[in-house]
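Asks: Turn these sequences into a full structure, and let the hints steer you where they fit.
Numbering (the working numbering), first residue to last: 30 to 201.
Note that these hints are calculated values from the structure, not bench results. On a predicted model such as this, the values are computed, not experimentally measured, just so you know. Even for Gly, the Cβ is constructed at its ideal location relative to N, Cα and C. Among these hints, one or two may not hold up.
Cross-link-like lysine to any residue pairs, in silico, SDA-like; alpha carbons within 25 Å at most [claimed, not checked]:
#1 Lys-82 - Ala-62
#2 Lys-163 - Gln-71
#3 Lys-82 - Leu-137
#4 Lys-82 - Gln-128
#5 Lys-186 - Thr-130
#6 Lys-186 - Thr-142
#7 Lys-82 - Ala-100
#8 Lys-163 - Gln-196
#9 Lys-58 - Ile-69
#10 Lys-163 - Lys-58
#11 Lys-58 - Gln-107
#12 Lys-58 - Met-42
#13 Lys-163 - Tyr-87
#14 Lys-186 - Glu-143
#15 Lys-186 - Gln-128
#16 Lys-58 - Tyr-86
#17 Lys-82 - Gln-71
#18 Lys-58 - Glu-76
#19 Lys-82 - Pro-35
#20 Lys-58 - His-132
#21 Lys-163 - Gln-187
#22 Lys-163 - Tyr-151
#23 Lys-58 - Glu-68
#24 Lys-186 - Ala-154
#25 Lys-58 - Tyr-87
#26 Lys-163 - Pro-41
#27 Lys-163 - Ile-179
#28 Lys-58 - Ala-85
#29 Lys-82 - His-46
#30 Lys-58 - Pro-41
#31 Lys-163 - Asp-121
#32 Lys-58 - His-46
The calculated label-pair distances, taken between Cβ atoms and stated as ranges, are [said to hold, decoys possible]:
#33 Asn-89 - Gln-187: 18 to 28 Å
#34 Pro-56 - Gln-140: 14 to 24 Å
#35 Lys-82 - Gln-157: 31 to 41 Å
#36 Asp-80 - Thr-142: 30 to 40 Å
#37 Ala-85 - Val-190: 34 to 44 Å
#38 Met-43 - Asp-193: 16 to 26 Å
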Amino acid sequence: MTEMIPFEAYHPMMTEHVQLNWLTAYPLKDIYALRSNTEIAQQNDREPDHDMKETAYYINHTMQTIMANQALTWGFSQRTTHQFIGLIELADFMAERTQATLHYEMSLDRQNTEELNELFQYVVAFAQRELNLKQLSITLSADDHLAASILATLGFKQLAVTNDNVQLQWQQ
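Replies: Here it is, written out as structure tokens:
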């Protein structure tokens, strides 16, 4: 069995239009704007950050999980402008690291089909190729039709639906 590459090696990564990098590469105020947005927080079933200190703590904790090989969380930005768009994460690794949970948060004014499609394609392919994952799960807000549609084209199947959420799963 080949030895696992430390998660800290997986940055920066680029697609045609999107760059993924550690949250520490982005201005704190941009991440705070995302994490303090009450609508985004509600869609992601979490409390909004109330001040930049909470956001700084979140970034610090996130980097600790990366260094401990427990999760991979990237900020993502538009590649040419470097404008912060959101974050995407592979976490909750299970079953001998063949399964994980996918999570993303994106600025409401940046809900761009092309960028989101490119991002999901890249991260799902990365999870298969680099991490040898056989299963990915994601829980979306019930009104996140754009992400659900894109993920369906990548082979994600609907597992469960509630009034608030849709759970999707991809399996190799």
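Asks: Need the status of pair Lys-82, Gln-128: alpha-carbon distance at most 25 Å?
Replies: 32 Å, violated
Asks: Just to be sure I understand the hint, the distance between the Cβ atoms of Ala-85 and Val-190 should be within 34 to 44 Å; is that true here?
Replies: At roughly 36 Å between Cβ atoms, Val-190 and Ala-85 fall inside 34 to 44 Å, so the hint holds.
Asks: Check the hint pairing Lys-163 with Tyr-87 against an upper bound of 25 Å on the C-alpha distance.
Replies: 28 Å, violated
Asks: Verify the proposed pairing of Lys-82 with Ala-100, using a straight-line Cα cut of 25 Å.
Replies: 22 Å, holds
Asks: Taken at face value, is the distance from the CA of Ala-85 to the CA of Lys-58 at most 25 Å?
Replies: Holds: Lys-58 and Ala-85 sit about 10 Å apart, inside 25 Å.
Asks: Sort out whether Thr-130 lies within 25 Å of Lys-186, counting only the CA atoms.
Replies: At roughly 14 Å apart (the allowed maximum being 25 Å), Thr-130 and Lys-186 satisfy the hint.
Asks: Run the distance test for Lys-82 versus Gln-71: straight-line Cα separation, threshold 25 Å.
Replies: Judged against 25 Å, a Cα distance of about 20 Å means the pair holds.
Asks: Honestly, do Asp-80 and Thr-142 meet the 30 to 40 Å range at C-beta?
Replies: Because 33 Å falls inside the window, the suggested range holds.
Asks: For a C-alpha distance cap of 25 Å, please report whether Lys-163 and Tyr-151 respect it.
Replies: The given pair, whose Cα atoms are some 16 Å apart, holds under the 25 Å limit.
Asks: Are Lys-58 and Pro-41 close enough, with their CA atoms no more than 25 Å apart?
Replies: Holds - the C-alpha atoms of Pro-41 and Lys-58 are around 20 Å apart, at most 25 Å.
Asks: Regarding the pair Lys-163 and Asp-121, is the alpha-carbon distance no greater than 25 Å?
Replies: 14 Å, holds
Asks: So if I understand the rule, the pair passes when the alpha-carbon distance is 25 Å or less; does Lys-82 with His-46 pass?
Replies: Outside the cut-off at roughly 31 Å; violated.
Hint violations for this structure: numbers 2, 4, 10, 13, 19, 29, 33, 38, all remaining hints satisfied.
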